[in-house]
Every structure is written in structure tokens, then in C-alpha cells.
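Order-wise, the sequence lines are chains A and B. Position one of the first sequence corresponds to residue 1 (this note's numbering), numbered consecutively onward. Position one of the second sequence corresponds to residue 473 (this note's numbering), numbered consecutively onward.
Hint data in this document are derived by calculation from the structure and do not stem from the laboratory. Do not rely on the hints blindly, as some may be mistaken.
As the list claims (entries may be wrong) - With a straight-line cut-off of 20 Å between C-alpha atoms, the simulated SDA-like cross-links for lysine to any residue are:
#, chain 1, residue 1, chain 2, residue 2
1, B, K799, A, K315
2, B, K799, A, Q132
3, B, K799, A, G443
4, B, K799, A, P442
5, A, K315, A, G297
6, B, K799, A, C458
7, A, K315, A, Q132
8, B, K526, B, R474
9, A, K318, A, E308
10, B, K799, A, E438
11, B, K799, A, V439
12, B, K799, A, V171
13, A, K315, A, K388
14, B, K799, A, V428
15, B, K799, A, R435
16, B, K799, A, A304
17, B, K799, A, G444
18, B, K799, A, L401
19, B, K799, A, M253
20, B, K799, A, G168
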Amino acid sequence: MDVIRRLRAALGDHNVMVEPLELHLYSKDASLMRGKPTAVAFPQDTEQVAEVVRIAEQTGTPIVARGAGTGLAAGASPTEGGIVVVTTAIQDIDIDPDNRTAWVGAGVINLDLSHAAAPHGLYFAPDPSSQQACTIGGNVANNSGGPHCLAEGNTTSHVLAVEVVLAGGEVAVFGSAAPDPIGLDLRGLVVGSEGTLGIVTRALVRLLPVEPGIRTLLMGFPDVIAASATVSQVIASGLVPAALEMMDQRMTMAVENWLHAGLPVEAGAVLLAEVTGEEEGVESQAEVIASIARANGATSVEIAQDPEHRALLWKGRKSAFGAIAQLAPDYYLHDAVVPRTRLVETMREIYAIADRDDLVMLNVFHAGDGNLHPLIAFDASDPVTYEKVRKAGDEIVSLCLRNGGALSGEHGIGLEKRELMGSYFEPVDLDAQARLKEVFDPGGIFNPAKVLPQGSRCFDFAGGRPPEGTWV
Amino acid sequence: MRAPEVVTPVGVEELAVLLGRATREGLSVRVVGGGTHSGYGSPEEPDIVVSTAKLAAVDSWEPDDLTLVVGPGARVADMEAMLSERGQSMVLPEHPGDATIGGVVAAGVSSLRRGRLYPTRDRVLETVVVTGDGRVVRSGGRVVKNVTGYDLSRFHVGAFGSLGVIVSVCLKLWPAPPASATVTLSDPGEANLVARPLAVLQDREGTRLYLSGTDAEVEALTSRFAGSVAPGLDWPEDPDGPWRWSLRVPPAFTSEAVDRLPESWDYVALHGVGEVRAASPDDEGAMAIREWAESRGGRLVVVDRPEGQASFDPWGRPPPGLDLQRKLIEAFDPARVLNRGFLPGGL
Chain A
1 MDVIRRLRAA LGDHNVMVEP LELHLYSKDA SLMRGKPTAV AFPQDTEQVA EVVRIAEQTG
61 TPIVARGAGT GLAAGASPTE GGIVVVTTAI QDIDIDPDNR TAWVGAGVIN LDLSHAAAPH
121 GLYFAPDPSS QQACTIGGNV ANNSGGPHCL AEGNTTSHVL AVEVVLAGGE VAVFGSAAPD
181 PIGLDLRGLV VGSEGTLGIV TRALVRLLPV EPGIRTLLMG FPDVIAASAT VSQVIASGLV
241 PAALEMMDQR MTMAVENWLH AGLPVEAGAV LLAEVTGEEE GVESQAEVIA SIARANGATS
301 VEIAQDPEHR ALLWKGRKSA FGAIAQLAPD YYLHDAVVPR TRLVETMREI YAIADRDDLV
361 MLNVFHAGDG NLHPLIAFDA SDPVTYEKVR KAGDEIVSLC LRNGGALSGE HGIGLEKREL
421 MGSYFEPVDL DAQARLKEVF DPGGIFNPAK VLPQGSRCFD FAGGRPPEGT WV
Chain B
473 MRAPEVVTPV GVEELAVLLG RATREGLSVR VVGGGTHSGY GSPEEPDIVV STAKLAAVDS
533 WEPDDLTLVV GPGARVADME AMLSERGQSM VLPEHPGDAT IGGVVAAGVS SLRRGRLYPT
593 RDRVLETVVV TGDGRVVRSG GRVVKNVTGY DLSRFHVGAF GSLGVIVSVC LKLWPAPPAS
653 ATVTLSDPGE ANLVARPLAV LQDREGTRLY LSGTDAEVEA LTSRFAGSVA PGLDWPEDPD
713 GPWRWSLRVP PAFTSEAVDR LPESWDYVAL HGVGEVRAAS PDDEGAMAIR EWAESRGGRL
773 VVVDRPEGQA SFDPWGRPPP GLDLQRKLIE AFDPARVLNR GFLPGGL
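Just need the whole structure built from these sequences, with the hints factored in.
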């Protein structure tokens with residue numbers, strides 16, 4: 001086949017996979033949706049990515065960029081077939097400690113970047129739960145978040161420039177280490193575009209100084225309501241902690257059963273808070289949080305005494321999804337966001353949906369910014385349950401929208417939520433986004449069928465005829 | 473030349489109709505808020521001036537959510553005064569004068585606290601615009617964390633209204649910590665005694681460090697410094713003069729940028745950010761500074777200049793992706809009626 005022959009000529013035989021097993025391995029990301037790629041390409045540098053893009057364009061083949069494949073919204077599942085471009089070979093890290101920035105290859109693993117920056121006293125703020133596996137390219141594509149984005153913002157706040165392969169194989173650099181690059185902010189547009197506008201091969205990221213003081217608090221509450229009230233009051237007090245994470249009782253029990261970290265399994269909800277700053281500062285911040293927690297009826301307040309203890313508490317939070325394996329073989333993890341003030345009522349309604357359908361629902365989420373991650377543990381081999389889980393998922397998203405929320409806080413739209421876009425945006429809004437996509441990708445080869453529902457670009461605009469009596 | 477007609481729409485629908493008509497009839501439109509950022513670029517003389525003065529209402533303020541939804545014509549100073557009653561801030565420029573929310577967002581100018589609390593771009597959660605051809609387009613959302621669709625809401629920041637007239641913005645608010653202090657430093661390097669200060673600012677009078685946090689925190693941190701300590705945050709005004717500039721360099725070059733400014737230039741330098749706000753009586757020496765800044769990956773941008781003085785490009789070397797930028801603008805404003813000439817590259 002012409003595409004495979006040309007890819008092999010461009011990248012070398014060993015950098016192009018076409019065997020059925022290999023294709024199967026790359027046929028999906030961490031979502032439940034699978035595609036059928038023609039080939040999997042492993043470009044070794046930006047120029048090779050550009051060559052793959054040209055081949056895709058000339059042959060009319062879809063091209064799907066992929067990092068580690070940890071995405072949960074099928075953004076990297078080649079559901080339209082075509083070439084999966086795996087960027088993991090682009091691995092360079094060039095740290096500029098004076099400017100607190102780094103040029104980072106798309107294939108670099110998130111945690112490896114922070115490890116590389118550590119000798120300079122620096123770190124990369126976005127820290128998705130998958131940070132031991134996910135890549136910077138994926139973080140940029142999805143504008144990823146993580147527990148520590150409460151105070152520091154999602155990935156977009158930490159990307160100063162991108163090197164991106166555009167349609168036609170053109171390589172461009174948008175943005176700069178200097179603040180406020182002039183002209184339209186193309187860098188900002190590329191971040192979070194899920195590989196639909198081009199393929200990011202490198203990013204210039206902001207690194208933050210590791211602060212000398214850190215306190216991690218683990219607080220048990222009688223219920224989610226008391227924990228949520230604590231979250232609101234902490235922020236109202238003028239404190240924005242580095243992280244404010246909540247686990248419900250079912251999740252705490254599942255994690256404790258596996259990790260033995262001494263989590264308060266009798267508590268109805270557990271709040272994990274972290275404050276960073278100067279040594280003198282974190283002590284007083286931790287006291288403020290602890291006293292608010294006690295005023296809300298906290299049944300336990302524990303402050304990590306050493307780095308090992310802190311690491312253990314965070315392991316409990318970040319490995320929560322792994323602990324699900326003891327309950328059921330599969331899980332469906334949602335990502336939705338509501339205004340913080342609607343947290344309690346939203347949680348109540350979410351539990352009601354799960355209880356009604358007899359589903360095993362656990363919750364671990366970024367309480368500080370209203371980003372929910374309801375998780376349903378189930379056995380996907382049972383089609384009846386699968387259908388129930390899927391329907392409950394749709395209901396949860398609808399309910400978050402009704403409560404003033406959005407479709408996704410940090411996982412992206414991909415294919416998973418594409419058809420829900422119409423329930424969040426008006427046709428005219430989707431049309432504007434579709435026009436933007438058309439400008440970047442007139443041939444429609446970059447990750448087709450993702451983010452925008454079919455037919456987005458058909459808003460019929462009448463041109464605003466003036467009503468009677470209007471000023472003209 | 474005929475003076476442009478000034479229109480002050482009272483609603484989004486009226487503005488949409490006006491822009492629809494401008495598109496059909498090929499009329500050019502300039503959008504004006506407080507008029508404080510009108511010195512940028514090389515804007516063309518418009519047929520119609522649209523004032524946002526009557527699109528100034530607060531749509532919603534949710535103190536517990538830390539979000540504010542407001543019309544573009546609201547004055548930044550008025551909004552900050554309102555928010556400060558609940559100890560909150562939009563983290564926009566500290567001395568905005570008559571600047572409006574719409575103007576600050578469209579020009580993409582930021583707070584002096586941006587090194588710690590991020591620039592204006594990162595404070596925008598949702599925007600509604602009326603495009604050049606009169607479509608009302610919403611992007612983003614009223615939640616603090618959101619990746620639903622393309623990040624179009626922030627794309628309007630610094631776009632100088634070229635993609636549409638901003639008619640509503642949702643901003644992420646920030647709580648003011650209970651204590652704060654301003655410390656005089658002998659040298660910008662002394663600021664390294666604190667990992668993440670609110671700001672480190674240098675002007676002709678010296679260097680100051682800005683701190684905030686709990687009472688105990690601020691007290692302990694200020695005791696590390698030998699210089700004088702004043703309670704509260706004493707923010708300097710932006711320098712003023714016939715010529716005003718924005719010098720932007722990678723942060724490590726901030727001190728060198730300051731050293732390169734002629735004696736006659738007044739300035740406020742944001743250490744750790746790489747932004748230097750400057751003002752000068754004339755443009756002498758400016759081209760040498762621009763050449764140096766551009767060689768370091770930076771910029772010297774004209775923020776304002778005396779009328780009729782346009783002997784050089786106010787933005788300098790054009791940015792990459794001009795062709796894409798032009799096409800993107802045309803996607804929102806097919807007849808190019810809005811704010812022509814503000815952006816670099818004659819866009």
C-alpha cells in the first residue's frame with residue numbers, strides 16, 4: 001500500500017508498525033473506544049513528523065497524534081483509521097534555569113520533566129494523576145490539569161511557546177520566552193486542540209521554583225457536605241491551597257485496603273489539602289485550614305510529618321484508579337466540572353443516579369475547583385451493565401450542565417463527549433469553532449471526527465437584518 | 473475627513489444588527505472602551521465608533537465561586553472597588569485609570585502581580601463576542617477549569633477586537649490574603665530570599681518586593697530583609713510621557729533591559745516576568761533597544777506616541793503565522809470591518 005511504503009521510506013522500516021498485533025495495541029487510548037489504524041509511525045524528530053504529515057495529506061489519510069495513550073476521551077483513538085503518529089521518540093529536554101523555562105520534546109513524560117528540573121530547584125506544575133506515564137505532548141493537546149492546577153492553572157498557563165507541524169508539513173513556532181507575544185495568540189489556540197489543528201512536537205514550558213515549605217493535611221469528615229463546606233470556607237478565607245482533593249468513603253476504603261496508608265476509612269469523606277510556600281508561611285496556612293475543618297466537624301486532622309508520609313498520602317490519591325481493580329475489572333471515569341458552590345447538590349444527585357441503577361460509584365475529585373471525577377466500577381463484558389453505565393454517564397454530564405457546569409474540566413472532548421457539545425454550545429458557537437479548525441486544517445486530516453460534532457460547520461447565518469425601529 | 477459616527481449600543485442585539493449592517497455596507501468600525509489603549513498599532517480611521525459604555529452591567533458575581541461575569545464597558549477601577557468589599561480581586565492592572573474590562577482584555581495588558589498570579593489571559597474563563605458580521609459567539613464557560621472545545625475564550629485576549637466585539641467576560645477572581653507588605657530592596661537579586669513573591673518591581677527610585685499571605689507569614693518573611701518595610705501593597709503608576717513603550721524580554725534579561733534604557737526614559741520593570749513599562753520624551757535610542765530586544769527573542773512595542781509620529785512600525789518585526797492570523801480574523805470578520813490596523817502585520 002502506498003501510504004505504508006512511503007512511511008517506511010521516510011522513517012525507516014523499523015519506525016513503521018503494520019502487523020495486526022501492533023496495530024491492535026495502538027488502536028485505542030485509555031478510553032473504551034477503539035479504531036483501526038492503517039499504520040503506526042514513530043518519527044524520530046520534527047522533520048520526520050512533517051514528512052508524515054505531508055504523506056498523510058497527499059494520500060488523504062487521517063493522522064492521529066499519540067503520546068503515551070493515557071487519554072480518557074478517545075482523543076488518541078484512531079476511530080477514522082489512518083496513521084497513528086507516536087511522538088515518544090522526541091525526547092529532548094533543554095532547561096534554561098535563568099529564565100525558568102524548558103524546551104521539551106512532545107514525547108517526554110510529565111514526571112521526567114519535573115525530575116530533570118529538580119536539580120535546578122524547579123518543577124512543572126501540571127500534574128495529572130497519570131503523570132508517571134503521560135507525555136508533555138498529550139498534556140499540551142488536552143490542556144491537562146491535575147491536583148496542583150488549583151493554584152497554578154491548567155497546562156495552558158504553563159506553555160509559553162509551541163513548535164507545531166501544520167498542514168502542508170510546515171513547521172512553525174508560536175509564542176516566546178518573552179511575555180505577551182505580539183499578534184493573535186496562536187500558541188494558546190493550539191494548546192487544548194487535541195491534535196486537530198496540527199501536531200505539537202516541542203513546547204517551551206514555564207517551570208516554577210520548588211517552594212521550601214510544604215504541608216499536606218489529611219482530614220476526615222462525617223460526610224461530603226461537611227468536607228465541601230470546608231473547601232468553600234478555606235478559599236473564602238483568602239487562601240488558595242496548592243491542592244484540595246476529596247475522596248468519598250467508598251474510594252477511601254478501596255485505596256486503604258490496597259495501600260495501608262492509615263486513611264480514615266470510617267470517615268464519610270476525606271479531604272487532602274496541600275499548602276506550599278515559605279516554611280513560616282505553610283505552618284500558619286495549615287493551621288487556618290485545620291481550624292476551618294474542625295469548625296465543620298472534622299473527625300480527624302492529620303498533618304504529614306515527613307516527605308515519606310506526604311508521598312504516601314499522595315500515592316493514595318494518585319493511585320486511586322488502580323485500586324478499583326479489586327472491585328471490578330473495568331471502570332468508567334467521568335470528568336465534569338460545576339461551579340464550586342454547586343458541589344454538594346451535584347454530588348447528592350450523582351449518588352442518587354448510581355443508587356437508582358445499583359451501580360458501584362466511587363468519587364475522587366479536585367474539590368477546590370469543582371472538577372468532579374465520578375467513577376463507576378463494573379464488568380464491561382456484561383452488555384446490560386455496560387449500557388446502564390453509559391446511560392448513567394450521560395445523565396451525570398447533563399446534570400452537571402444543568403448545574404451551571406461544563407463538559408470537561410481536564411480530560412478533553414475527544415470522541416467521548418463530541419456529541420454532547422451541542423448541549424453545551426449553540427450552533428453558532430460550534431460553527432465558529434469549526435471555522436477555526438478549517439483555517440488550520442482545510443484538508444481535514446488532523447484527528448478527524450474529534451472535538452466537534454458532525455455538521456458543526458453548517459450554521460445558517462442570515463446576516464442580521466435590522467428589526468423595525470432599530471438604529472441604522 | 474468626515475468625523476466618524478459614534479454609536480453607544482445598549483444591548484447585544486443592537487450591536488449585532490449594527491455590525492451586520494457594517495459588513496453588508498463595507499463600513500469600518502472601531503470599538504472604544506475607556507480609550508486608554510488606543511495608542512497601539514496603526515489603526516485605520518473608522519466610519520463608525522462603537523462605544524461599550526452602556527454594555528457595563530455586572531451579570532453575576534459569585535463570591536464563593538470566585539467568578540465575575542461583566543460587560544466590557546465596566547471600568548476596571550469600579551469593579552475592583554466593588555470586589556474589594558469581599559476581599560477579592562480580578563488581578564487586572566492596579567492603576568487602570570479609565571480603562572474598561574473590555575479594553576484590558578482586548579489589549580491583553582496585565583497586572584503587576586502577573587509573575588505570581590498569572591497574566592490577564594489566564595484569568596479569562598468565558599467570553600461572548602459579536603463577530604464582524606454580527607454573530608453572537610460564546611466560548612469557554614463560567615467554571616474555573618474547563619477544556620470544553622477550542623480555547624477560544626482566551627484567544628480574544630490581546631486580539632484588539634479583531635475577532636469580535638467583546639460583550640461579556642467571565643473572570644476568575646482571587647482572594648486577597650489577610651496580610652501584605654512592601655519591602656525596599658538594595659538590589660533586585662535580594663528578592664531571591666523569597667521563593668515566590670507577589671512582585672519585584674524596579675523603577676528610577678529603586679527596587680521593591682511585594683509580599684502577601686497570613687499575618688505570621690508576612691511578618692516572618694519581611695524580617696529577612698534589611699530594607700524598610702511598609703504595610704500594604706504600594707503599587708507604582710505606569711510611567712507616563714509623550715511616548716510609551718512595552719519592552720518584553722525573557723525574564724533573565726530584565727536587568728539588562730533596564731540598563732539599556734536612556735537616562736531620559738522613565739520605567740517600571742517587572743523582574744521575573746521580563747516586562748518593562750517605559751515612557752520617554754522622544755523616540756531617540758528606541759531602535760537600538762528594539763534591535764537588542766528582538767535579538768534576545770523579545771519585543772519593543774509602542775503603547776502610545778504623539779499624533780502623526782509613525783516613522784517606524786509600532787510592533788517591530790512581524791510575528792510568525794501572519795497568514796493563519798489573517799485567515800482566522802476573516803473567519804470571524806469576513807468583510808474586515810472591525811478595528812483594522814491595530815494588530816502587527818497590518819492586520
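Please name the hints from earlier in the document that this structure breaks, with their numbers sorted from lowest to highest. Violated hints: 1, 2, 5, 8, 13, 16, 18, 19; rest satisfied.
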